[in-house]
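Protein sequence lines, in the order shown, are assigned to chains E and R. Heads up: the first sequence runs through residues 1 to 955, numbered per the working numbering. Heads up: the second sequence runs through residues 1 to 244, numbered per the working numbering.
Calculated from the structure, these hints are not laboratory results. Hints are supplied without guarantee of correctness; some may be wrong.
[Said to hold, decoys possible] Below, a list of computed lysine to any residue pairs in the SDA-like style, where the Cα atoms sit at most 20 Å apart:
#: 1; chain 1: E; residue 1: Lys151; chain 2: E; residue 2: Pro570
#: 2; chain 1: E; residue 1: Lys757; chain 2: R; residue 2: Pro173
#: 3; chain 1: E; residue 1: Lys256; chain 2: R; residue 2: Pro44
#: 4; chain 1: E; residue 1: Lys506; chain 2: E; residue 2: Gly113
#: 5; chain 1: E; residue 1: Lys506; chain 2: E; residue 2: Gly373
#: 6; chain 1: E; residue 1: Lys151; chain 2: R; residue 2: Ser2
#: 7; chain 1: E; residue 1: Lys757; chain 2: R; residue 2: Ala164
#: 8; chain 1: E; residue 1: Lys757; chain 2: R; residue 2: Ala11
#: 9; chain 1: E; residue 1: Lys256; chain 2: R; residue 2: Glu53
#: 10; chain 1: E; residue 1: Lys740; chain 2: R; residue 2: Ser2
Everything numeric in this text was worked out from a predicted model, so none of it was measured.
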Amino acid sequence: MTRLPPQRGERIDRRRPVDFTFDGQRVEALEGDTVGSALYAVGQRTFSRSFKYHRRRGLLCCAGQCPNCLVQVDGAPGVRACTEPVREGMHVEHMNASPSLDFDAMRATDLVGGPFTPPGFYYKTFIRPRRLWPLYEKVLRRAAGLGRVAKSRREREWRTEYRRRHADVLVVGGGAAGLAAAAAAAELGADVVLADEGPAPGGRLLAEGGQDHAREAAEHARRAGAELLSNAPALGAFDGLVPVWQGDTLHQVRAKRHVYTTGVIEQPLLFPGNDLPGVMLSGGARRLVSLYAVKPGTRAIVATVCDRGLDAALALIGAGVEVACVADLRADAASPAAQALVRRGVELRRAATVLEARGRGHVQGAVLGARGGDGHERVMACDLLVVSGGGAPATSLLCQAGARTAYDAERGVFALASLPGGVYAAGEVAGHGELHAAELSGAVAGAEAAHSLGLGDADSRARAVAGSERLSRGPVGPSGVAVPPPVAGDRGARCFACLCEDVTAKDIHLSVEEGYDSIELSKRYTTTTMGPCQGRMCQLPAIRLMAAETGQSLEQVGTTTARPPWQAVPMGVLAGRPFEPAKRSSIHGRHRELGANVMWAGDWRRPYDYGDPRGEALAVHDAAGLIDVSTLGKLIVRGPDAGEFLDRLYPNRLSNLRPGRIRYGVITSDAGRIIDDGTICRLDDESFYVTTTSSGAGAVYEWFSWWLADWPLRVHLTDVTQGLAAVNLAGPRAREIMAKVSAVDCSSEAFAYLDGKQADVAGARSLILRIGFVGEVGYEIHFPAAHGEHVWDALLEAGADYGLRPFGLEPQRLLRLQKMHILVGQDTDSESTPYGAAMPWIVKLDKDQAFIGRWALERAAEEPPETALVGFTLPDGRVPKEGAAVLPESGDGQVGQVTSARHSPQLGQVIGMAWVPAGLARDGAEVTISDDGKRLRARVVTKPFFDPEGEVLRS
Amino acid sequence: MSLDFLVPSTAAVARSPMEREALRARARLETRDGWTVAVSFDEPEAERRACNETVAFADLSWLTKIELQAGAADLAAIVASCTGGGRLELGGAIRVGGAWWCPYTAERAVVLCEPGAAARVRDRIQEAAGVAGGLASAVDVTTAHGALAILGPLSRELFARFTAIDLRPQLTPVGGFRPGSLARVPGAILREAPDRYLMLFGAALGRYVWTVVSDAAERLGGRPVGADALEPFEERVPEAASHA
Numbered sequence: 001m002t003r004l005p006p007q008r009g010e011r012i013d014r015r016r017p018v019d020f021t022f023d024g025q026r027v028e029a030l031e032g033d034t035v036g037s038a039l040y041a042v043g044q045r046t047f048s049r050s051f052k053y054h055r056r057r058g059l060l061c062c063a064g065q066c067p068n069c070l071v072q073v074d075g076a077p078g079v080r081a082c083t084e085p086v087r088e089g090m091h092v093e094h095m096n097a098s099p100s101l102d103f104d105a106m107r108a109t110d111l112v113g114g115p116f117t118p119p120g121f122y123y124k125t126f127i128r129p130r131r132l133w134p135l136y137e138k139v140l141r142r143a144a145g146l147g148r149v150a151k152s153r154r155e156r157e158w159r160t161e162y163r164r165r166h167a168d169v170l171v172v173g174g175g176a177a178g179l180a181a182a183a184a185a186a187e188l189g190a191d192v193v194l195a196d197e198g199p200a201p202g203g204r205l206l207a208e209g210g211q212d213h214a215r216e217a218a219e220h221a222r223r224a225g226a227e228l229l230s231n232a233p234a235l236g237a238f239d240g241l242v243p244v245w246q247g248d249t250l251h252q253v254r255a256k257r258h259v260y261t262t263g264v265i266e267q268p269l270l271f272p273g274n275d276l277p278g279v280m281l282s283g284g285a286r287r288l289v290s291l292y293a294v295k296p297g298t299r300a301i302v303a304t305v306c307d308r309g310l311d312a313a314l315a316l317i318g319a320g321v322e323v324a325c326v327a328d329l330r331a332d333a334a335s336p337a338a339q340a341l342v343r344r345g346v347e348l349r350r351a352a353t354v355l356e357a358r359g360r361g362h363v364q365g366a367v368l369g370a371r372g373g374d375g376h377e378r379v380m381a382c383d384l385l386v387v388s389g390g391g392a393p394a395t396s397l398l399c400q401a402g403a404r405t406a407y408d409a410e411r412g413v414f415a416l417a418s419l420p421g422g423v424y425a426a427g428e429v430a431g432h433g434e435l436h437a438a439e440l441s442g443a444v445a446g447a448e449a450a451h452s453l454g455l456g457d458a459d460s461r462a463r464a465v466a467g468s469e470r471l472s473r474g475p476v477g478p479s480g481v482a483v484p485p486p487v488a489g490d491r492g493a494r495c496f497a498c499l500c501e502d503v504t505a506k507d508i509h510l511s512v513e514e515g516y517d518s519i520e521l522s523k524r525y526t527t528t529t530m531g532p533c534q535g536r537m538c539q540l541p542a543i544r545l546m547a548a549e550t551g552q553s554l555e556q557v558g559t560t561t562a563r564p565p566w567q568a569v570p571m572g573v574l575a576g577r578p579f580e581p582a583k584r585s586s587i588h589g590r591h592r593e594l595g596a597n598v599m600w601a602g603d604w605r606r607p608y609d610y611g612d613p614r615g616e617a618l619a620v621h622d623a624a625g626l627i628d629v630s631t632l633g634k635l636i637v638r639g640p641d642a643g644e645f646l647d648r649l650y651p652n653r654l655s656n657l658r659p660g661r662i663r664y665g666v667i668t669s670d671a672g673r674i675i676d677d678g679t680i681c682r683l684d685d686e687s688f689y690v691t692t693t694s695s696g697a698g699a700v701y702e703w704f705s706w707w708l709a710d711w712p713l714r715v716h717l718t719d720v721t722q723g724l725a726a727v728n729l730a731g732p733r734a735r736e737i738m739a740k741v742s743a744v745d746c747s748s749e750a751f752a753y754l755d756g757k758q759a760d761v762a763g764a765r766s767l768i769l770r771i772g773f774v775g776e777v778g779y780e781i782h783f784p785a786a787h788g789e790h791v792w793d794a795l796l797e798a799g800a801d802y803g804l805r806p807f808g809l810e811p812q813r814l815l816r817l818q819k820m821h822i823l824v825g826q827d828t829d830s831e832s833t834p835y836g837a838a839m840p841w842i843v844k845l846d847k848d849q850a851f852i853g854r855w856a857l858e859r860a861a862e863e864p865p866e867t868a869l870v871g872f873t874l875p876d877g878r879v880p881k882e883g884a885a886v887l888p889e890s891g892d893g894q895v896g897q898v899t900s901a902r903h904s905p906q907l908g909q910v911i912g913m914a915w916v917p918a919g920l921a922r923d924g925a926e927v928t929i930s931d932d933g934k935r936l937r938a939r940v941v942t943k944p945f946f947d948p949e950g951e952v953l954r955s
Numbered sequence: 001m002s003l004d005f006l007v008p009s010t011a012a013v014a015r016s017p018m019e020r021e022a023l024r025a026r027a028r029l030e031t032r033d034g035w036t037v038a039v040s041f042d043e044p045e046a047e048r049r050a051c052n053e054t055v056a057f058a059d060l061s062w063l064t065k066i067e068l069q070a071g072a073a074d075l076a077a078i079v080a081s082c083t084g085g086g087r088l089e090l091g092g093a094i095r096v097g098g099a100w101w102c103p104y105t106a107e108r109a110v111v112l113c114e115p116g117a118a119a120r121v122r123d124r125i126q127e128a129a130g131v132a133g134g135l136a137s138a139v140d141v142t143t144a145h146g147a148l149a150i151l152g153p154l155s156r157e158l159f160a161r162f163t164a165i166d167l168r169p170q171l172t173p174v175g176g177f178r179p180g181s182l183a184r185v186p187g188a189i190l191r192e193a194p195d196r197y198l199m200l201f202g203a204a205l206g207r208y209v210w211t212v213v214s215d216a217a218e219r220l221g222g223r224p225v226g227a228d229a230l231e232p233f234e235e236r237v238p239e240a241a242s243h244a
């Protein structure tokens, strides 16, 4: 146990123990611990195995920035132990090691496989033989995976949701600058949200002795009215939308202004053995001490390029860690921290760095010396090697928002060069690292953001200007840094540039040798920066290596493109709640009660059948059937020019339709192709009731609206699709059933085929259309959707004595096929004209009115179509698949296809529709259909299979 | 022929598209104005608490909805005539005589009112349209839309779970009317009072919308409430409220 005495500002609650298991072993932790701190406190030093070489990896950053501590928590893989709070009873397991974390068989890859696994080896090795790829893929995934997702849905069930949050100002980052920005903007009246990835606002202050200051700053921001989100990393910047992940919630923050105070990311140093457990960033070591009271080691060596490392050394001494030596790459470091270390008797080696880390399974010593080695190296024992390669501005989100960076040679980092409008940067990411400067820059940015929204007054503007001037005058940057070399030392052991993907400095060298000599190409080839850290730890080292290999400057090498997500995020969080928008008719509940099998039909849920499609279809012929057709599109077209409007949209003539009469119509595109069909009933001189296909309702409404916006016609259009229920009562007993529920005279004389009448049906005011999609005498009854169940129930009750049965979509498809009524989209495609679809009669080229598609249809009329839609019968009884090929009489290829086919119990044979060569579109012609390789001889039919003359329909 | 077949009849039972969901949540139904209405869920205290402390939702699909179309000038004249000089501006609705006048565009609006007031509103529209003289159309679309009242201090948090429409008071004050995407389907939100909203959506999507709203409300400690639970809040809906 390496738990320290109480530390000021520690996050743990020593009175509240928490137990969890790690690889089945019980671990005692304290409330406030992370999995990482708790495990470290009980002596665990290896947390995971690396991606490719299965090397041991230990805590490095303790801030969720690196990939070294990924574990599986309660079945969820890829969880960072260093930031995951402990919970009572949680099950934590290691990842990517088998059979155990301490003994991993795949470690052989590291011991003997190195020469055989250069970058891109899998591209070169596993491409032949191709048939083995599925096997390779399994093996590779198992060997190099990042954990496994539970297969069982129940195990993966996790409630997540979106929360849309509009704001005036979004501040990303909850350190000193972020809190100051949030407070400043909120005090000026802005609606402010602050998103911080840490468990509490304060950023570095929390681990560096500024807990009280952080608390006060957070309270100030809250009092001002800012909403502070903790444990809430921003995932990306998408044209003003910033998704922020907080536990099981994805905040979709849409703010008018964005202030980024994302700070810097402490960089590792590159030297042989830099991935050994026990090599830790200075910030990581300090967090362990101050937040979790965990002693990170007993004897430490510190290698740094800036004051961060010196401050860490002092903190370690304060925690009782022996600091054997501090190697500062700067030749002239003379900061107060350096002086304090000397006063405490710590050996401070200037112009020196770490050249190699040594040890088996854990750091046991380090070689220190001048960069590149000068023959005066010194080997020192230690169990903790604290490194700091300086801070690289965390500009990724800013770049996604449109900011530009440029290389700052003095600091050795890519710094902000320009910001887009509405985006502000403050704090260390903008070069203001010292506390006072960070807060001032935050306050200025917050105020400027608010001012740009018209908030504040002359005084607040004057204060912001003064603050801005002070920032530009003062020495606000960090104290001097030394730019570390690409690699310190050259001693054989692996030197990792990318810890996520196990890419070494040598791999970068090889990739350049192979011609991948730009940073973007190298990224794709070696996968550097593509792992869980998203370049936090490896982008700058990779750029330095690339520059050294190619002889370019770092500016010339440039950075890789910053892409979201900036933080690894579970897919479930992005998915949100699993609700699928589904339309249901007002009778849907009754269908369920009747045992309907329900299917998707466009965006509707509809009954496929009620368990007996064959019997349901026969009932329509023998007695009567009732089908819910509420899904049909329904439009009211009203106005003095309604007839002309429809004449312009349909190729047939509708303005001469008499009130109370119905006409079938197809809608054609301007290319003369069929895009939808339906019926049009004239209600009165100025009103038409138009139905469309179920799936075409929305498109037809838009099509009508689009043309109406262009044509100066006095017409109004109303979509009543969802407002009206509709059922089709069809069959030889339909008339008798109608007589029981309505006073309307349904005799063929009074209510003829293609008549439309208004009447009450079971008390509901209805529009009754006498049409016959299924071939029998039929009444399509349209009425307010709210009466859906009422009318349905009344009809079923009235028809009970007549053998009335409900029928679903499948029987309907068979029945309409018997009549050769087309289904647009199934029997037609994007090239089908009314001529090809055997409906030349519907095109009225002799009407005066120009109509959509006229020009194309005039040409189509002059040139007979190459193929035609016909019916067919199949004597051998096999039902071909829809889409089966129609073959030419001789030779290869395909000359048509089957669009619909069913066995008709009524007719006792297989029937269908198909596109065939126009020359074969005659009764009795034979065509060959290929169905799954079997050749079928079909006989062409050009008239409906059932009631070819329409006598039943009109009776 | 008229368009009477669009209007629910009192001679037949009219049901909300969410009635079955309400029944599953143990609603008590009563017939009012020809509609079966979820009047309560037999937990008055819990319903009152949800309305006052968290978030509550109530099915108001039975509200009459009349779609009014006319040229911009004619529509303005009709609205002015029917509302005693009221003027519609996009983004805001006005309430006069218990009816909300909500503009979708300068040429299209929907009027929401109690079923009992529907005939009077329709007559006034017809009368005003006649005076305006231009082409005007009033179509009853009551059954084309489901309607849910959302009320309580967490109303906006509830909406945040399924819509990106900005309902902050500075953008959607009382009387604000915001058509847009609700739970990924077309709809509209009317802010009737500081903590009370009415959302409209396609009637065929009723079950889906109920599921989404119910799920989100439950997460926030809210619940469905009956129409009776809204009565104490009716007085908080101001007359002549207007975004403008």
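Against the structure, the hints come out as follows:
1. A distance of roughly 15 Å separates the Cα atoms of Lys151 of chain E and Pro570 of chain E; the hinted pair therefore holds under the 20 Å criterion.
2. This hinted pair does not check out: Lys757 of chain E and Pro173 of chain R have alpha carbons roughly 46 Å apart, beyond 20 Å.
3. A hinted pair counts as satisfied when its Cα atoms are at most 20 Å apart, and Lys256 of chain E with Pro44 of chain R does not qualify at roughly 42 Å.
4. Of the pairs offered as hints, the one joining Lys506 of chain E and Gly113 of chain E holds, with about 15 Å between alpha carbons and a cut-off of 20 Å not exceeded.
5. Between Lys506 of chain E and Gly373 of chain E the CA atoms are separated by roughly 19 Å; this keeps the pair inside 20 Å, and the hint holds.
6. The suggested pairing of Lys151 of chain E with Ser2 of chain R is violated, with an alpha-carbon distance near 59 Å, which exceeds 20 Å.
7. With a CA separation close to 44 Å, the supplied pair Lys757 of chain E and Ala164 of chain R exceeds the 20 Å bound.
8. For the suggested pair Lys757 of chain E and Ala11 of chain R, the alpha carbons sit about 19 Å apart, so the restraint of at most 20 Å is met.
9. Among the hinted pairs, Lys256 of chain E with Glu53 of chain R is inconsistent with the structure: their alpha-carbon atoms are about 31 Å apart, more than 20 Å.
10. A C-alpha spacing of about 24 Å is found between Lys740 of chain E and Ser2 of chain R, which places the hinted pair above 20 Å, so the restraint is violated.
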